[in-house]
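Listed below, chain by chain, are the residues.
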Amino acid sequence: MATVMSARPKSAVDAFVSAVRDVVGERWIDMAAQKVERYGENLMPSGDVPVSGVIYPADTEQVRQIVLLANEHHVQLHPVSTGQNIGLGSRAPVQPGQFVLELGRRMNRIIEINEELAYAVVEPGVSYQALYDELEVRGHPLMLDTTSGPPQGGPLGNTLDKGAGYTPYFDHFYMSCGMEVVLGNGNVLRTGDGALEGSKSWHISKYGLGPYLDGLFLQSNYGIVTRMGVWLMPKPPITRAFFFSFPDDDDIGEIMEVSRHLKLNSLVPTLLKVTNDIYALGTEARFPVDRADLRKSIPDDVRAEMQVEHKIGSWVVSGAVYGADDDAVENHIRLIRSFFERSGKATYIPQEIADRNPMLRIHSDSFVGKPTRDEFPLYEWRPGGGATWILPVTPIHGEIAKEHQQLSRRILGRFGFDYICEHVVGSRMSRALHVLVWNREDPEENARAKACFEAFIDEYAAAGYPVSRPPTEFQPYAMNRLGHSFLDTCNDIKDALDPRGVLSPGLYGIGLHRDAN
Amino acid sequence: MKTMFTETDLLNPVIRGASAEIEKCRHYGFCTATCPTYVLLGDELDAPRGRVDLIGRMLENGGAPDPETVRHLDRCLSCLSCTTTCPTSIDYAKLIDIGREYIEENYRRPLLDRLLRTLIAKLLTNPGLFRLAMSTAVLGRPFAGLLGKRLGGMVAMTRSMKPARSAFEGHRVIPAEPTAHRVALLEGCVQKVIGTDITDATVRLLVRHGCEVHKPAAVRCCGSLPLHMGRGHEARHFARQAVAAWYDSIVREGVEAIIVNASGCGTTVKDYGHILIDDPEFAERARIVSEHAMDISEWMVKVGLVPKISPSLKVAYHDPCSLQHGQRVISQPRELLKKAGFEVANIPERHLCCGSAGTYNMLQPEIASQLGERKAANVERTRADIVATGNIGCMTQIGQYAGTPMVHLVELLDWATGGPKPPALASLL
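From first to last, the protein sequence lines stand for chains B and E.
Whatever position you read off the first sequence (first residue = 1), add 9 for this note's numbering.
Whatever position you read off the second sequence (first residue = 1), add 879 for this note's numbering.
Here chain E stands alone, though its shape is the one from the complex (with noise of 0.2 Å):
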């Protein structure tokens, strides 16, 4: 697809990346039919293509986004099934994150929108507030149907969840004896405080397959959830923090690989060194922690799975979009899952997102609770025992629709080398 931008437009250089990707659209349409927003709308510029050209004319046009390109925009998932589906590699999550980032400069959104979204950013990126706002939902859950759609919707989502703390919070280096290897986690902002058993199961994982666990006490957020929201700057801030503190940890401590294990973060993680790459001071350190990111399941295939026990079980496995499109990890949790003696399904319309990520069924509660809806019927078609995925996000999304226990990938791995059974998985056998 043709650009319109002047040569003065294109000495910047977001927009001259934006031009060259946009470029890359061959108006092939493949991308609509794996979009989840096109399926559920069936709307031109609700799909892929659509959203290359919105954001084509509103970055041409400058000046505030029009209401329509900024609803169309919004919708986006940034699942990035599209990717997948393109066969002209156009990257997408690069042009959506450019979209977003212009309307949040460029947009003044209604009142009520702006709060929400700035609480959203400041709530789900602070473990410490997220954890003070747990304990006031369980307050607000009576009156949850008079907070409006958005709102109240949050709040409801807070039924299924118990704050807690993690058995090594605190801890800045987890030993293992021998020590094989040196990694550093990122603990998730709310798998710290909503997802604990997921963080206990991954250390005691990787522990008792010979690694060392590093956390360093400097990283805080990774910015995926700003990034997505159009919040750049603060995406930036909270990468550059990351990126100091883990190209510490791999230069000093001789860490080998950073273990990600919400797979939303990983993709960014891995993505750094083209979120800083304009930045002089930290683009080469990033592009070198970014090389480091690991998600779990691929680590632990080049570590060798230890099995001790064989739970005669079918596991659906729900591959998170940030996983199959954005990392292309979709083998690793699938033979890890085999070695360790689960029988593994596949869920139909695998491609399809569930309708978790990232803040979007907070944001876009009616398609999220569509797709939501739509994921958890599939999952019954498998008939299998348990729901697996490689993301909490996914977790807490399906875990609201679907009637099958929801574990993570590392608690299921590490029940079967010797771990604890997973809590969800009680009342199983």
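Just chain B, with the same shape it has in the complex (with noise of 0.2 Å):
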């Protein structure tokens, strides 16, 4: 793969290059291709998307002082945090030609723990390992949410995403108080109370004064986000999982029913992992090429085999409780017991058996907030190295749940792909974690994943159900399925803030219009 100069001519990218030196230093922006090219790859079957060159600021002001040279030279830039996105195909832009703003390399500093108040205060390269090893060299006071990705991967980018985790604390984004952003229009902008002077409740006090604003900069390009305040848990002196095995597919529909019961009315303080089994086992196994045709989807009967073979049924169910002491946790999980027991389907498995099984310690692992990378197998789950998420919504209603199943398994096996599915259960709605794997060194195979997925758009949209964070490659293609005057409004928001479209254009399919125009 070459890297690719920006659409600009080359003076103007050579001025712009010059005068970022000047900012950042002559060792904090990198042009040799094998570096820069790296920033390009995209796991999506479109392949890559080649960039620019990469720059590596140092602070706000660097960030700010970026934007205003990018505005100057009508030159483009791509802010990336931490880890490589790989869940959503590559952190590589929507189109080529931008300059990649490394926020990972020296913004990665925790500038505050406040251990009384319950939170911290991070720059975008501060990962998930970072601050779990900070907590951890204070004793663990407080409690991170992570998500079940890699721990190189953060939680200001993971928020910005709209990502999500397992504990009371996984809606990231409402556990985020206070930002820092540069916007494109090279503006500093201090949201909520951080907007006055001074201001000592930025990260305790949502809303402050006026029009809430953070909502903005999600999967958006308005503007970059150099600081954030992250809210933390205080940690439970006893958190326990609790695992149930359920036998047949259709299963669903009743672990969905129990489950809006059990969440509705707070009776588990986790959300709820409802995991299917080649997404369970898969973190350990491989199609099995000596029983089934890599160009379909696993039969039935193999898949029954399997789940013989890793003792597990169709679905596993997994929460957590927190507690004082062993005796509460204990009562909390017979209470948990009796709902899902009771048609008589479930097998419920204790945490210490459910531990011996490195696809279920992965569980155990996310309902304490320790960061993990074991579920990255998946990924290896057929050979050649394609894969992302697909992520649709589904109510947590059993009927509906039961359609969506089937509507998932008709366009997968259309495709010749595997339902691999784990639903993230709250009160009303879940995400349904899709995992589509394929060889994209088969060109056949990748033209089919591509389709597989805006498959996937269309029919959820169809039926009503957004997928809610495609990877950049179906980003356009999914916010135009809206209507409304949604994309449009957005892209008025980005006239505004963002005049010269300097900031990812294409993301979120935000500031294509200009293109169109």
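In short, the hints are calculated from the structure, not lab data.
Just so it is clear, the structure is predicted and the values come from calculations on it, not from any experiment.
What you were told as hints is all true, and nothing was included just to trick you.
List time: in silico PhoX-like cross-link candidates among lysine-lysine, alpha-carbon distance up to 25 Å: (1) B:Lys305 to E:Lys903; (2) B:Lys379 to E:Lys1193; (3) E:Lys1193 to B:Lys244; (4) B:Lys379 to E:Lys1217; (5) B:Lys379 to E:Lys1218.
Assembling the complex is the task here: the two chains are given apart, and the hints tell you how they should meet.
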């Protein structure tokens, strides 16, 4: 893959690079192909999106100056934080020729941890592992909420992409408080109470005075968030996970009905993970090429054999309870068992048994906010290295969940892929994490994967449900499914805050209207 | 990642093995965030996936590698942090060893570089020569600044090293009363000279727990140091000597386990089955010896530690890379320390190497010192009374930068089960 220069004339780009060198220093801008090209790598079917260079700013002021220079020279910037975003294809931009603003390398400071008021303030490059380590040396007074992604992902980037975890603090945006943002026009915005000079409540009081602006910076390209407050949960004395195995595919109906009752009535503090057989065993097993055709979905009889081999059913349900002592958590789990075991189909698996199984231990780690890298071998379920999550929304309703399972299985079956799904279940909706795994070295299979993803967007939209976090390659496609002035309004805001369109044009489909015009 | 090897290339089992590993790489990039040199230098070619590409191109092109490729591969610590992170389970250890051996055989290094590498390979694998060198180093210390970064650094490093003799030197069998187990003990080459407290503590600990200790005379170096310097022939020569001796101990003397307390050596001994796989005379014996190799912490968990005193001290446990990434021995040392009554603290960024990495701190002193300082700063963050680890290389490296007293895990276990207090803790209580 070659790097490409911006669509701007070479003289303009050279002038931009020279000016940026003056801001960040000679060693903090990379133009060498072997370094730069990695930032354009993309696992998605359409392949890599070459970038022009990589800039490593040290602080908000340098970011501001770079954005002003980008405006002056009409050069486009694509900010990235920490991690690889492999779960959603890559961290590559939507369109080629942009300069990557790599915030992970130098802007990786934990600015503050306030143990009394239970929050941290982080820069974009702070990883989950770094924050976990810092809490650990402090004796874990507070607990992190992590994703099941790898430890090098970070809270700021995940929040901005509407990511979520599994503990009571699962809603990362809700648990964020106060941002500093360099807007596309070069202004520096402090949101919420942070707008008051010398504010002491920036990271504890969410809504401030006037419009609540923080949400504008989620899944958008209006500004570069350079610091953010993250609320942290006091670590409970005891955490105990519970697991249930259900034998049949259609048991998802019963699981959702019970889950809704438990969640709406606050009987389970964590989210519930409802994991299908292949998702659960795929971290250890591989597609059985000796028993099934790789060009098709795994047959039900082979899947049944693998369930027996791995001692699980069609679905595994997990969650956790917190308490002051062992008796409290055991009593709590007894109550939860009484609901899940009522129909007689569930088999209870205590945590001490489940934790011997690496694929279930991932769940236990999630509920105590421990970063884990163990889920990613799932990407090797099929050979070839193509992989992404697909995340449609499912209501916590038994019959609809069964319909959604059928819809997903129909789509995946049509394109010859496997149903690999984990519902992350809240009170009213679940994010149904589907994992699409394919051979990206095979052009025919690549084309099938692309068509499959688009079918998910189309057919779920037709049923009335959006796919919530598409990879960059599919973001414009997904956004164009939305009506009711939504994308037009997003573009209007883009024009107001980033009038020259210097920030990540095309991210979440926003800012492409200028090309169209 | 697709390789471009010809069918003829692939007839060579080494190339075939390398190709299979290279093709597993999907360029996900998880390895970059946990690779110490990438974290410090930010260069993709100083990260595992960059090095995988470089090794592939070097082997495909054949002939002498270019100096840039050699520079980036030399900078690899072989800490194997990437193997813990990689979801596709690339055998990076195998790949980097192939790359290093290829460089050693096909690249002519500058004269001073060659001399230094030969000096290190010969000295550190020969306790007699190493002991002599330690004495000579005393004379060289005042001139360390004049000897260049690497040689001067090596001489300066000897400041904290005190050559000594083990209380069990020359003892081939140390009995236990009563004898419940029979084990062989590998005394690391360097440890025989400057880490005799570790050896003595290990022997006392084992004997106290009913283990008769065998030290076959024919076992010299395990081969780890030459292996990681690309000197595969020397490494395999040492490995064959050790395999022959230990196989004999297993078959004739009923030795149940080969105990290693220098984890860098342990990783190599556990890999003998692979290192000698193409040697029909030794392959099977090497496999059996590998299966018997255990880190001292693994063995003590199996035997069951019997503490006698309960020191109320906070210990920051440093995971040697060879244990946490190479052997995946992570919980056992912590379990033993807790059982012995210590409070155990994890060190932030525990996945990152301390910069010791066998001979790395001698050959790449600048990167090693940055890693050493970073590790020491992380150790201080724990506010522990003691730092404990399982490898003499890490002890030497971290000891240069951290103010906290540094001991080997076995010294604490020996103390807690009735042995003497570790000398490094003399001023602590």
